[in-house]
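Novice: We have chain A; now place chain B onto it with these hints.
Here's the letter readout for the chains.
2 protein chains.
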Amino acid sequence: MNGYGKKISLVVIRRLPRYYRYLAELLKQDIKRISSKELSERMNVTASQIRQDLNCFGGFGQQGYGYNVEELYNEIGAILGLRDGHKTIIAGAGHLGHALANHGGFEKRGFKLVAIFDNDKEKIGTTINGVMVYDIADMESYLKENPVTIGILAVPRTCTTEIADLMVKCGIKGLLNFSYMDLKVPENVIVENVHLTDSMMTLSYQLRENKNIGE
Amino acid sequence: MNGYGKKISLVVIRRLPRYYRYLAELLKQDIKRISSKELSERMNVTASQIRQDLNCFGGFGQQGYGYNVEELYNEIGAILGLRDGHKTIIAGAGHLGHALANHGGFEKRGFKLVAIFDNDKEKIGTTINGVMVYDIADMESYLKENPVTIGILAVPRTCTTEIADLMVKCGIKGLLNFSYMDLKVPENVIVENVHLTDSMMTLSYQLRENKNIGE
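As given, the protein sequences belong to chains A and B, one line each in that order. Here my numbering is used: the first residue of the first sequence is 1, the next is one more, and so on. Here my numbering is used: the first residue of the second sequence is 1, the next is one more, and so on.
Check each hint, because a few of them may be wrong.
It does not matter which identical chain is used: a pair holds within one copy or between any two.
[What the hints assert, rightly or not] No farther apart than 25 Å at their CA atoms in a straight line, the calculated lysine-lysine pairs in the DSS-like style are these:
| id | residue 1 | residue 2 |
| --- | --- | --- |
| 1 | Lys184 | Lys37 |
| 2 | Lys121 | Lys28 |
| 3 | Lys184 | Lys108 |
| 4 | Lys169 | Lys108 |
| 5 | Lys121 | Lys144 |
| 6 | Lys184 | Lys28 |
| 7 | Lys121 | Lys32 |
| 8 | Lys37 | Lys87 |
| 9 | Lys169 | Lys28 |
It is worth saying that the hints were derived from the structure and are not from the lab. Keep in mind that this is a model prediction, so the values were computed, not measured.
Looking at chain A on its own, in the form it has when it is part of the complex (with noise of 0.2 Å):
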């Protein structure tokens, strides 16, 4: 349950993002407001499905007015608690933690990278788009003084798990993990993994059908 007084399905849930990013591109072409057929069009995905998942959220839909698109933007965002301005950091400077501090995305969305850990000697007290590389050894100390609500798991797996513990003991709340098995944390932590290797495997199935499955 949410504030929205019925159940939002997960599949809903997991679509939102795509529907913000989509707003968030209307805001930017100074797009006042869109009917659901415009944005199925755009978005390639039915205007009953449109309309069925953005009903979940109440009056933002009106007939033959279409959606006011700054109003869903904003709701969506509220929704997915982009306003909360979650603080962020990275352990790992290599290539994916790099790629990810590199990613103009998060910020954009309102997650602040404020520090990045390693233990390559070479690579602390570099700054990766301007954000400090820090020694992993003092990850704790800098989180007691600088609480933080997402972690980055771009570490190799054999320490991930070390990483994830020592991340979730100082008080971080959500692990984006990037590593190749599940993590098992205390139940009030959230983890949101990202299986690259899944992605290929679903590319693979929709391959062999010769379907596009959608998102």
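Specialist: What follows is chain B alone, placed relative to chain A:
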């Protein structure tokens, strides 16, 4: 529809790679069979979901015996098309391209990285994880001589569309897209989008609800 006589739902398909990973892990530990209860505890989903999901693929579970790990592993691998041994290229030898080329999981799952392309003269002619970096200007002629099924787009957003179009023109049937916006491709081409910011937004939603929504 597929060869299994009934339609497998999208949600189940998106869970198959996760089953596949767990079964691979069990095989490595030389575990021959497993009950839905044991598997559910390892995977942190309900046993009834596992039974329901795996029922889609016929008689691999027997009451009182559980699942034959190897059979189920092979079967899911076949459904996912992993036996097809997809040849893969990466466009972009930046940090993301590097991270992907070094990703151990791809080759293990039957994706054979055959070439990397970039326009940076410093990178052309070098190898990443044993794979040659070619001039992106030569991608078309390379693909004519070496047909490939999957192209990974790890190039800056500004040139993603151009490179994707070129890949499609050269006969690539599956694209893994890391860029921000959705690609427009012919109907017979499959695109799997990896939107890292979407994962962050979904994580943010779960933090706000203080509830893990599962995979």
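Novice: Against each hint, give a clear statement of whether it holds in the structure.
Specialist: So, going through the hints one by one against the coordinates:
no.	hint	result
1	Lys184 with Lys37	between (43 Å within a copy, 18 Å between copies)
2	Lys121 with Lys28	neither (42 Å within a copy, 35 Å between copies)
3	Lys184 with Lys108	between (30 Å within a copy, 24 Å between copies)
4	Lys169 with Lys108	neither (28 Å within a copy, 33 Å between copies)
5	Lys121 with Lys144	within (23 Å within a copy, 45 Å between copies)
6	Lys184 with Lys28	between (40 Å within a copy, 20 Å between copies)
7	Lys121 with Lys32	neither (51 Å within a copy, 45 Å between copies)
8	Lys37 with Lys87	neither (37 Å within a copy, 38 Å between copies)
9	Lys169 with Lys28	neither (41 Å within a copy, 31 Å between copies)
Taken one by one, the earlier hints fail for this structure at numbers 2, 4, 7, 8 and 9, listed in ascending order.
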